[in-house]
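Protein chains in written order, with our numbering: chain D, 1 to 110; chain C, 111 to 624.
Derived from the structure by calculation, the hints contain no laboratory data.
From a predicted model like this one, the values you see are computed outputs, not experimental measurements.
All C-beta atoms, glycine included, are put in the ideal place defined by N, C-alpha and C.
Possibly wrong hints are sitting among the right ones.
Stated by the list, open to error - If you only want the chain D side, here are some residues facing chain C, beta carbon under 10 Å, derived:
1. Leu-8
2. Phe-26
3. Tyr-43
4. Lys-58
5. Gly-62
6. Pro-64
7. Ile-96
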Amino acid sequence: MAKKFDDLVDFPILSMKYKTRLTKKFKNRKKYEEPNPNNILSYIPGTIVDIFVRKGKKVKKGDPLLILEAMKMRNQIVMPFDGKIVAIHVKKGDKIPKNFLMIEVENTGK
Amino acid sequence: MSLKKSILDLRKRREKVQKGGGEKAIEKQVAMGKMTARERIQALCDKDSFTEYDLFVEHEARDFGMDKKELHGDGVIIGTGTIYGSPVCVFAQDFTVAGGSLGLMHARKITKIMDHAIKMRVPLIGINDSGGARIQEGVNSLAGYGEIFYRNTIASGVIPQISVILGPCAGGAVYSPALTDFVFVVENITKMFITGPSVIKTVLGEDISMEDLGGARVHAETTGNAHFYAKSEKECFDQIKKLITFIPWNNEQKARAFPPKPPKFKGKIENLIPSDPRQPYDIRDIIRAVVDDSDFFEVQELWAANMVIGFGRLNGETVGFVANQPLVLAGVLDVDSSDKAARFIRFCDAFNIPIVTFEDMPGYLPGVDQEHAGVIRHGAKVLYAYSEATVPKITVILRKAYGGGYIAMNSRHLGADFMMAWPTAEIAVMGPEGAANIIFKKEIESSDNPEEMRKKKVEEYKEKFANPYVAAAKGYIDAVIEPSETRKFLLHAIEVSENKKVSQPEKKHGIPPF
Numbered sequence: 001m002a003k004k005f006d007d008l009v010d011f012p013i014l015s016m017k018y019k020t021r022l023t024k025k026f027k028n029r030k031k032y033e034e035p036n037p038n039n040i041l042s043y044i045p046g047t048i049v050d051i052f053v054r055k056g057k058k059v060k061k062g063d064p065l066l067i068l069e070a071m072k073m074r075n076q077i078v079m080p081f082d083g084k085i086v087a088i089h090v091k092k093g094d095k096i097p098k099n100f101l102m103i104e105v106e107n108t109g110k
Numbered sequence: 111m112s113l114k115k116s117i118l119d120l121r122k123r124r125e126k127v128q129k130g131g132g133e134k135a136i137e138k139q140v141a142m143g144k145m146t147a148r149e150r151i152q153a154l155c156d157k158d159s160f161t162e163y164d165l166f167v168e169h170e171a172r173d174f175g176m177d178k179k180e181l182h183g184d185g186v187i188i189g190t191g192t193i194y195g196s197p198v199c200v201f202a203q204d205f206t207v208a209g210g211s212l213g214l215m216h217a218r219k220i221t222k223i224m225d226h227a228i229k230m231r232v233p234l235i236g237i238n239d240s241g242g243a244r245i246q247e248g249v250n251s252l253a254g255y256g257e258i259f260y261r262n263t264i265a266s267g268v269i270p271q272i273s274v275i276l277g278p279c280a281g282g283a284v285y286s287p288a289l290t291d292f293v294f295v296v297e298n299i300t301k302m303f304i305t306g307p308s309v310i311k312t313v314l315g316e317d318i319s320m321e322d323l324g325g326a327r328v329h330a331e332t333t334g335n336a337h338f339y340a341k342s343e344k345e346c347f348d349q350i351k352k353l354i355t356f357i358p359w360n361n362e363q364k365a366r367a368f369p370p371k372p373p374k375f376k377g378k379i380e381n382l383i384p385s386d387p388r389q390p391y392d393i394r395d396i397i398r399a400v401v402d403d404s405d406f407f408e409v410q411e412l413w414a415a416n417m418v419i420g421f422g423r424l425n426g427e428t429v430g431f432v433a434n435q436p437l438v439l440a441g442v443l444d445v446d447s448s449d450k451a452a453r454f455i456r457f458c459d460a461f462n463i464p465i466v467t468f469e470d471m472p473g474y475l476p477g478v479d480q481e482h483a484g485v486i487r488h489g490a491k492v493l494y495a496y497s498e499a500t501v502p503k504i505t506v507i508l509r510k511a512y513g514g515g516y517i518a519m520n521s522r523h524l525g526a527d528f529m530m531a532w533p534t535a536e537i538a539v540m541g542p543e544g545a546a547n548i549i550f551k552k553e554i555e556s557s558d559n560p561e562e563m564r565k566k567k568v569e570e571y572k573e574k575f576a577n578p579y580v581a582a583a584k585g586y587i588d589a590v591i592e593p594s595e596t597r598k599f600l601l602h603a604i605e606v607s608e609n610k611k612v613s614q615p616e617k618k619h620g621i622p623p624f
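Based on the sequences and whatever the hints tell you, model everything.
What follows is the structure in structure tokens.
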């Protein structure tokens, strides 16, 4: 007789469902989320050394929002389009991980 | 000096240098749960077989008070020995001497034994236990690393190269092991990373322990950097010795043949497979059922476990197995498993080891993470490695062989020499459900009872196409065999392909999708 195995789950591939085990990596994989252009995320972990805008302020495309220092480089984070600052989630001196929501903005261009 | 005196003098000199960093440093090494470099070499090589070179080498550094420092052997032991009678070149960094740090002469000793290994065409085993570059020697230690990497690359595919990480191996030092064929790690002892936890903490503010960042388990399970994982140094040396029995000395030879032994497995192989094709089984049980003495030596057991790779013997001769594992992720091909298989195939091809492929996989793993992680270019590595390989290539299709995966897993179309299929094989462009849904879309949708119609059409498709006979009718499969005939056919294939020769267009080298 074929052996019986523990920890089997249903695993759909195309239209078939297989009984199998999962790997740690598969279980820990990140679900895809559609990027929201209104969320300014950190693209590298680092420290906020300066913030140039306040909540409610209107900013033009290319205007500097803040400085994120990482790997000894001061990275200027700029406004991606004409718009308004909706919320600021960081303050000077904050150490933040990658993909941290720093600023929420709103597009007023169109 | 009289002859006797000079012999005594030699003994005294030897004794002094062989103590490495001295008793205190040795005590520290033992307290860390580690063997000394000398003990490691003794544990690895056949008794009394190790011959040391360059025992009396001294460093030449003059800056930062280095001129007053005596570093015995400059922190590394090199030499030649045998493992079960097979000659090997060995270097072992001695952590008790200046933390095994790599200076110019230390590197010279390593490159010397590497050159020796390349010239003598014997395997190289490097035992790494080093704090990294010797800062006082500045750019000289960087030069040393570079010269080691260069030789690792030149030796690649000429002699088997084995790295054993028995201590820290950080920064640039990690790239020598990364360039070698097999990396051995040991729980609580191995520490391997480019930047350590303290740098990560200061630069990025991320907290992580040494073990979680680059411990043995991480490299064996998550990164895929390690090929063999052991709980103790003793177990690790036993693994290395076993590996040496399966691989040849160099690329012009075959692995040593052993007296043929029947498998220990005495049951019926078909009973290992569940009748429902959606139920899993452990592919390693099938491999053990066909190899000599049921002895299967698995490589990278913990990483990308949906693909199984490793060595076994058929009639005493080493073969490499590449097999889908239905027990993990249904045996799908994905980024990591493609990488794992491709590299192993290339090792086998470089060292004249026939490749046996056991196929049972539903296709590639769907998902945004896979697509964005580059499953296209990683998956291509498998196609490249199989197509390029000129060693005997044998495939047995056990159950599912769908779509792109069927082509990738050493199909006839990529140059397989022997294609066999069990009667349970389903060789098709996709699974019956999916195929029926597409082909009979109209009939299903326009039916009064679509569900009923779908079932009927799926059955119809299964009946007609989910079998090995369509492919066999085209000659894509050489033989449909009973599971119990598998070993017999494999032995025959190995026998027939003894003198296999293929000629390919001349080129400098191919450009695999690394």
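Identify every previously stated hint that the structure contradicts and give their numbers, smallest first. Hints 3, 4, 5 and 6 are the ones this structure does not satisfy, whereas the remaining hints hold.
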